[in-house]
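Student: Protein chains in written order, with this note's numbering: chain A, 450 to 768; chain F, 3 to 355.
Just so you know, the hints here were simulated from the structure itself, not pulled from any lab data. Note that the structure is a prediction, hence the values are computed from the model and not measured. Be a bit skeptical, because a hint or two may be false.
Just so you have them, the derived chain A footprint on chain F, three or more residues with Cβ under 8 Å [to be verified]:
1) 21-30
2) 112-121
To give an idea of the chain A side of the interface with chain F (calculated C-beta under 10 Å), a few residues [unchecked claim]:
3) Phe492
4) Ala508
5) Leu685
All C-beta atoms in this analysis are idealised placements derived from N, C-alpha and C, irrespective of residue type, glycine included.
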Amino acid sequence: MVGALNAALRDALAGDPRVLVFGEDVGALGGVFRVTAGLQEEFGDDRVFDTPTAEAGIAGMCVGLALAGWRPVAEMQFDGFSYPALDQVIGHVAKYRTRTRGRVGMPIVIRIPSFGGIKGKEHHGESPETYYVHTAGLKVVAPSTPLDAYTLLTAAIADPDPVIVLEPKSRYWMKEEGELAREGPGIGRARTLREGDACALISYGAMVHRCLEAAASLADEGIECRVIDLRSLVPLDSEALGDAVRATGRAVVVHEAPRTLGMGAEVVARIMEVAFDHLEAPIARVTAPDVPYPPASLEQRYLPSVERIREAVRRVVAY
Amino acid sequence: MSTSDAAAMPTVQVLAPDGTLTGDPDVGLDAEALRELLRLMVRARRLDRECMALQRQGELTVYPPFEGQEAAQVGSAFALGPEDFVFPSFRELAAAVVRGVDVVEYLQYHRGTWHGGPYDPFANRFAPICVPVATQVVHAVGWALGAKLDGRTACALAYFGDGSASEGDFHEAANLAAVFEVPAILFCQNNGWAISVPTSAQTAAAIAARAPGYGFPGVRVDGNDVLAVYRVTREAVERARSGGGPTLIEALTYRIGPHSTADDDSRYRSTAEVDAWRARDPIDRLRRYLLARDIADEELVRRSVEEADAWVARIRADLVALGPPPEGELFEHAFAAPPADLAEQRRDLLGDG
């Protein structure tokens, strides 16, 4: 996935001379995860550059650069370090188009290596999506696979509005065969990764893969799950959610963010709005508990496990 | 300001409060430009007082007056060119007047008909009004970096206050400006009070004295002396445009009015203090100088006031005629193209779309 994201940045820099890539350690080092490796060498330090350790400054500079006609693609080094920038993101990045009555757009991308599962230190395994999803004026995407990471990041950079790209760190080293596609399902569209009629498994980011694993083993028990990768948290694909529930009558939502007001809450509410009559059972959520992210030795107890997902599906199907 | 502080940081001045010269009067402006400075300050104050009245009459929501700060704003904005970009906070209506921003559109903000920048920020290169203090300083640095990358000869000027200088964003902006050597001017109007907190409780040293710590020049100026403000800003503009990097300017001025119409300043400061600053009035200072030098006469002063009256009357008439914006605008500007779920929310609320 790191290579696919790198390719998306390279293609954007090559394709649009107004694109800038910057953040902490993104230059010579190529980012702590190497997502920007080689880009400074190829495009020069005017287009790809390191910043001081100043997340609010990075986000605030995006606003000024956008006003000056640039398309900033900024990196926050880690989810847990993105919080100093929230004031700029919520107060300005998200609101500027509205505040200027549509006169000034903010074609800004903020990439944030996110979520847990890499035995990280504290502040390195956060799921910050709800903060962004709840901020009107932002789009929020979270890819689950390398090829889709390319498609989503490419779409994010081309988007006229600010897009927060939450990259699942635990999938950074995932490999996938295929062609990098600029065209593909756009921001706002979910993908169906597995067909099934017993239950819909709805997730995004790294947890998509646990859902697929759970679905594969549940199939051995005769329970066929439809697996939906949301990809886009804002806008959320209500149509795909409705279709999935109309086809299955049951749903389980899975995410590694804490439960309360996590994406699961919104997904459940949307399903109630668009497909209540098709529900055969209450929707279940498999999430992290409402506690701070734990140390490495406990993180796999904290994150939704394949077994917990399977249990939830069995419960919902047996209802 | 403590004595040791004052000694450590000299204050640039051209005119004493009584209009007599204390510095070199040649700031690079001809007689007509000097008269224009007076007209602009008269106009700005007349507008500010009208806004206070409009607020009391229920035509504006909360309004933050700038009376007393005319020289700081007019002198600095006058030193900029059309290619430069201003990043105001929320009290820079006088600077907006100098930039030629549509005042009726600007005042929609205070009328409660739109947030942010109802005016076109690109038309006069004047960014939206910015209430989260110091956040706009970072925007100015970003814009200046963008201008530098484009090879443009232009600079950004960010206005902020003494309270804002305590914010983390001020520090990040100053450091980023220095590291990237951008053409940015960080213009602090130290007006003595951050709502009810005096500058002495806000910072223990001169704000301008921080600049060398970041690696660029800092200058303190008598903010009620429009010629001194023009001089130091002009120098900063020229430094910025010629690749010399940022400058921090601290203009010592005073907020004669309350923080806003929702504030009661009698709870935290004395009328004696306000009166002492009234005696250092920025408009009176320039007027006296221009009259003494025969650059202006009483007739010009009288005409300036009349022109300001007529101008403000037109603004008032246009402003009070303004109704709320169309409801559809609630939804139209959040995204370039509204997503499907937002279109649905619009149908729910407005029954259209």
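Student: Now tell me if each hint is right for this structure.
Tutor: Hint check results:
Judged by the Cβ-Cβ criterion of 8 Å, the stretch 21-30 of chain F is not covered by chain A as claimed, because only 0 of its residues qualify and three are needed. As drawn, the stretch 112-121 of chain F meets chain A at 5 residues by the rule of a beta-carbon pair under 8 Å; at three or more, the given contact holds. The closest approach between the C-beta of Phe492/A and any C-beta of chain F is roughly 12 Å, which is over the 10 Å cut-off, so the hint fails. Satisfaction of the interface hint for Ala508/A is found here, the shortest Cβ-Cβ separation to chain F being roughly 8 Å, below the 10 Å cut-off.
For Leu685/A, the interface hint holds, since its Cβ comes within 10 Å of a Cβ in chain F; the closest pair sits about 6 Å apart.
The structure shown violates the earlier hints numbered 1 and 3.
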